[in-house]
Amino acid sequence: MYTKSGFRHPNKIEEYLMIPKTPPKFAVLQLSGCAGCEVSLLNANEWVEQFDLVYMPLVVSAYDVPDVDVLLISGGVRSDEDLHSLRHAVKHAKKVVAVGTCALSGGVANLGNRDEVREMFMSQTQRRDLPRLLPKSQPVDDFAEVNLYLPGCPPTPELFMAALLEPPDFSASMNVCQECGRKKLKDMKPKHLTGFQRGEVQPDICLINQGYLCVGSSTRGGCRALCTRPGHPCVGCRGPSDILIEKDSQAWLTSILRVFDVMTEIPQDELREALVSPQLALFLFQFADYAGLGKPPRPKEKVL
Amino acid sequence: MTTLTFPLSRIEGHARVEIEVRDGKVVSTRFQAMEKRGFTLMVQGVPAEQMPVIVPRICGVCSTAHHVASVKALENAYGVQPPKLADDLREILLLGQIIQNQATSLFVFTMPDRLGVDSIFHITPEEADATTQFSIARGALKLRQLGTDLISLAGGQFIHPVKAVVGGMSSGIDSARAEGFRQRLLDALPAACDLVEFYWEISLRMKERIGSWGDDQPAYYITSTERDTPRYNSDIIRVMTPEGECCREFSAGEFRNFLTFEETDYSYAGRTSYEGGVMRANSLARANMTRTMGTKLAGDFLRRLRAEFGHPAHPILLFDLCRGMELVYAIERSAALLEEPLDKEDPHVAYTPKDGEGWGLVEAPRGPLIHHYVIENGAIALGEFIIPTVHNMLAIERALRVAAERYITADSVNLELERAVGRVVRAFDPCIACATH
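Chains as they are written, first to last, in the numbering used here: chain A, 100 to 403; chain B, 140 to 576.
Hints may contain errors.
Pairs of lysine to aspartate or glutamate, EDC-like flavour, derived with a Cα cap of 20 Å [to be verified]: (1) B:K281 with A:E257; (2) A:K124 with B:D257; (3) A:K290 with A:E364.
Non-contacting residues of chain B with respect to chain A, defined by C-beta distances greater than 12 Å in every case (computed) [as the list claims (entries may be wrong)]: (4) C201; (5) K281; (6) K302; (7) L325; (8) S406; (9) D439; (10) P480.
If you're looking for bench data, these hints aren't it; they were derived computationally from the structure. Ideal placement from N, C-alpha and C gives every residue a C-beta, glycine not left out.
Full structure from sequences and hints, please.
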């Protein structure tokens, strides 16, 4: 509101009248994705008391994004409708948070960004009178300024709560290893990689000692190692740790290879081939140049 | 010709409804899925053994079903039989998904329709009495979380589980954790029953207000749960006639002999039919096609349903009531399974990967889900996903037509139509991320 004395911040009036502070408003914009991020957010029950959820089509009937303190955006930009919704929504937000691997860097959709797949996709998939599909799935920050990145597939409820707070209330461990608790053994050196998902995981012993291609040693912590503790190798969904996040993918690759060099006798060629296979391409290296995004690195201060 | 467009919220994914009207007559009702990621193309060339990690990303709501269907398709291709313990652990995983999904559909998606609010997070004292006002949102979220926590217990990760592997499960559940969780389930059971009971009451009130349970014309029903009691880690697909007779049983690999799949030019999802007729999957199909529920409290609900609505029951708003019954069943059943020893034997057998063709079937919350893979040189040459929501497409459009004809006359459109469209679609709980994949 403008007066002769200039712009008056509404909060000040509220303070003057001693009106209780209203809870911060937040909205969730879901672009093309799997809704796993939304399901995780719903598991973070605590926000129900602390925040006012004003827009989230999955759970609230509301057809437009109102002015909000925090806007969470999940999913990648896959169609022209995604693009229009994104451009429209960010205008209404004080703080924009890109959540989940799809919004940050494409996630699983990167499998579809391969040229041979894109050609088939574009020729077979378009339909009349529906949102037009874009040639590639693109991350949110190709089109809008992002204040905070929340990586994970999906980020845990704990991380969602942290991202809603201003400033975010969370300091992650350096990497997944620090949260995993499995013992690294000096004298257990596998000669070859164990198959990707071959069961038979020994409890309490590091998965690398058992020959699994686990990249937790250079993956950003904060997930509480929820895959590796029950025995599944880390696929790097939280992206590179702070040490590596501003470097190119080669630095991450080298770091992983060095860990395996010390802990195993697996030939480097075998490792290199496995590290660029599709299931790791989903997540690994996506912050950097591997996904072919041609983007400058995201500053580590902006990544939760 | 006039086209009415209804954007949809409180469903999984992006969809809208278009109704075409000419001279007060409803010409067509279309349910349009509006997004597409292209998993069938995306998985081409992917090493087959990595599919169980990749395909849960088709949908964060139904990820557990995709995870297990994927592992079963690979086992079918490799000729591996997992041990019984692994089958039970997978059943627990799928029950966790039923708890999570049915709690979400009931309380987050459809309860606001019955209370006349925008969401369960925006219930004001005028709209609910003081005792229920605050407990609904919290109780509903707690039940959802119980489901995802059960998925974590059996599957490792909470949204995209990782513990189902070819040949079985990567580990069992130790008895201390199993017992701890069983207690949690038993503690949650009374609150779940109260919420379901409350839901049943407000559904009756809504029916009084609108004067209908929705489209009640007969339809074919399809499920893959067992004949006697529900089992979601399923093997055989069954179809029931509109008169209530079980007419066909077939394996996942034979589905094309019985179901007709077609694409449409107005939606990114296709649709299936059975012998040219409208078919329904999801909770009402399972309720119509099971002999008993096999647990005490859910059994009481089934008897009540049959007494009030007969067999087979057709009105679409009963889908929602059946979800409540399944929520109770999944809590009772998983508590019983957690009483069994789940870490005494090896839940896994060795296997050798080979090329070939495999089919994987599970009963997902929305009906039978099939994964079909052709493997060449260890990589996926064809990855096909037959999604349960697609079986309901014709049924959704027929029910929309019933609603449209009720509220559109030669002179006017009753604005109750907008609410009716939401109720109809949500009764089927469609999953657009899955349907379009």
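Just want to verify: D439 (chain B) was marked as not at the interface with chain A; is every Cβ pair farther apart than 12 Å? Holds, since 29 Å exceeds 12 Å.
Mind checking the alpha carbons of K124 (chain A) and D257 (chain B) for me, to see if they're no more than 20 Å apart? With a Cα-Cα distance of about 16 Å, the restraint between K124 (chain A) and D257 (chain B) holds, given a limit of 20 Å.
Beyond 12 Å from each Cβ of chain A, as asserted for C201 (chain B): The claim is violated: C201 (chain B) sits with its nearest Cβ about 9 Å from chain A, within 12 Å.
Proposed proximity, E364 (chain A) with K290 (chain A) (alpha carbon, max 20 Å): holds (5 Å)
The output says K281 (chain B) does not contact chain A. Does that hold with a beta carbon cutoff of 12 Å? With a cut-off of 12 Å, K281 (chain B) comes too close to chain A, as the shortest Cβ separation is near 7 Å.
Measure nothing beyond the straight line between the CA atoms of K281 (chain B) and E257 (chain A); if it is 20 Å or shorter, mark the hint as holding. holds (16 Å)
Assertion that K302 (chain B) lies farther than 12 Å from chain A (Cβ): It is violated; K302 (chain B) is separated from chain A by about 6 Å at its closest Cβ, not greater than 12 Å.
Minimum Cβ distance from P480 (chain B) to chain A greater than 12 Å, as the annotation requires: With a cut-off of 12 Å, P480 (chain B) remains clear of chain A, as the shortest Cβ separation is near 17 Å.
Evaluate the condition: distance from the CB of S406 (chain B) to the nearest CB of chain A exceeds 12 Å. violated (7 Å)
So is L325 (chain B) really clear of chain A, every C-beta pair being over 12 Å apart? For L325 (chain B), whose nearest Cβ neighbour in chain A is about 21 Å away, the distance exceeds 12 Å, so it holds.
Violation of the numbered hints given earlier is confined to hints 4, 5, 6, 8; the remaining hints are satisfied by the structure.
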